[in-house]
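Asks: Chains as they are written, first to last, in our numbering: chain U, 1 to 175; chain A, 1001 to 1175.
In short, the hints are calculated from the structure, not lab data. Wrong hints could be hidden among the right ones.
[To be verified] If you anchor each label on the Cβ, the simulated ranges turn out as follows:
#, chain 1, residue 1, chain 2, residue 2, range
1, A, K1030, U, Q169, 58 to 66 Å
2, U, S60, A, G1028, 43 to 51 Å
3, A, G1056, U, N102, 24 to 32 Å
4, A, F1131, U, E34, 53 to 61 Å
5, A, P1055, U, S60, 20 to 28 Å
6, A, L1033, U, L47, 47 to 55 Å
7, U, K2, A, L1031, 41 to 49 Å
8, A, K1030, U, G139, 46 to 54 Å
9, A, L1063, U, P105, 52 to 60 Å
10, A, M1168, U, N21, 53 to 61 Å
11, U, P76, A, L1033, 39 to 47 Å
12, A, S1145, U, E150, 26 to 34 Å
13, U, F106, A, G1056, 26 to 34 Å
14, A, N1053, U, H77, 27 to 35 Å
[Claimed, not checked] Result set (DSS-like, lysine-lysine): computed pairs, CA atoms no more than 30 Å apart in a straight line:
#, chain 1, residue 1, chain 2, residue 2
15, A, K1164, A, K1072
16, A, K1079, U, K2
17, U, K156, A, K1002
18, A, K1132, U, K140
19, A, K1030, U, K156
20, U, K140, A, K1079
21, A, K1002, U, K2
22, A, K1156, A, K1072
[To be verified] Taking beta-carbon pairs under 10 Å as the criterion, some of the chain U residues facing chain A (in silico):
#, residue
23, A86
24, T87
25, F89
26, L97
27, Q108
28, F114
29, C115
30, I121
31, S138
The beta carbon of each residue, even a glycine, is placed where N, CA and C say it ideally should be.
Protein chains: 2
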Amino acid sequence: MKTIAVDMDGVLADVYRQFLNLHFQDTGEKLSLESIRGLKEAEAFPLLKKHVNSPGFFESAPLIPGAQATLKKLIPHYKVFIVSAATEFPLSLHEKLRWLNNHFPFIQWQQMVFCGSKEIIRTDIMIDDHFKNLDTFSGKTYLFSQPHNEIASPGKHIRVNSWKEVEMQLLPDKF
Amino acid sequence: MKTIAVDMDGVLADVYRQFLNLHFQDTGEKLSLESIRGLKEAEAFPLLKKHVNSPGFFESAPLIPGAQATLKKLIPHYKVFIVSAATEFPLSLHEKLRWLNNHFPFIQWQQMVFCGSKEIIRTDIMIDDHFKNLDTFSGKTYLFSQPHNEIASPGKHIRVNSWKEVEMQLLPDKF
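The shape of chain U in the complex, shown without the other chains (with noise of 0.2 Å):
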C-alpha cells in the first residue's frame, strides 16, 4: 500500500481564512484573496508572527472544504500520515492534535507527525502547498493551490485547486 504524506495549514486547515479575519479584527481593513495573490504569506499577512502564536490560531482553523470526505475515501487504498510543520510555533502542537482528533477522528496517533522541517520524511505521495517541501521531496509530489503559490509554475509538481483534484489524481477508478 503506498504512502501519502499530507500537509495541514493550507491543505486541510483554511489558514487563509484564519488571516484574512484576524487580520480584520486586527486593522478594519478587509483584504481581498485577489490582493494578495502571489505573495507570500508573511507579505500578505505582517501580523502573521502574532496571529499563529495566539492561543487557538490553529485548534479554530476553518477546514478546506472536501478535505474530510476524500480522506476518509483514501484511508482503505492508502497509507495516509498527516506531516504539519509545528515545531517552530510550540502552541500549535497540542492545538493540531486536538484539531486532528476533532476534525479527521478515522486519523490515528500513528498516523500523525509534527515536525519543523520534512527532509527527513519518506513516503510515496506528498501534499503540500509549499514548494519548500515538495522541491527535495524524492516521491511523486502535488502541489496544494494556495493564494501563495497560485501564479507560480508548478514545475515538476501537478497542481491540484481542490480536495475533489486531488480525488481525482489518487483514486481515478473511482471516476
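Assemble the complex: chain U is given as a structure, and chain A must be docked to it using the hints.
Replies: For chain A alone, kept in the frame of chain U given last:
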C-alpha cells in the same frame, strides 16, 4: 553530511529513573533494575500508562549521562534530528519540546520530529532503544541499551551501552 535520527525516551531522557521513582511513590516498592531486566516497560511498570499521562512526567525526566556532551560533538559532523514518539500522549508534545529547549538549547525546532510511528522517517542512521523502530529502518541502526532490551540479541543492530560508546562509533577519529 549524514543524517541521524536520535530517539528521546530511553536514549536522551532517563525514563526508567522516572518509572522507578513513580513506582515507589505509588506502591512503596523499591524495584531494582536487575529485577526488571528483560521485561517490557509495561510489564515492569504496571502503572506506566498512568505515569506517562501525568502532567510533568516528560518535562521532569532526568538526562541519560553523556547525552548533552556527545550530541554537541556530533552536531558539526552530522545533521542531527530528534525523532520522538509523542502523539500517543497529548501532554508529552509540549513537555518534550520544553525539555529539549531546556537541556539541548543547541537543537533547533527544525531538528525536532514528534510522531506516532517512525516508519516514514528516513535518515542515514538511527539511534533508538526499541526494536520496533530499528527493525523496519533502512539505514544504519544503533540499539541503545535499556533494561527492556538488555537480554535480547541486538541482531542486525549495533548495541551501544552509553553515549560514550555512541561517540566512539560515530566519531572514531576523536579516539
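Asks: Hint by hint, work out which the structure violates, then give me just those numbers in ascending order.
Replies: Result: hints 9, 12 and 19 break, sorted rising.
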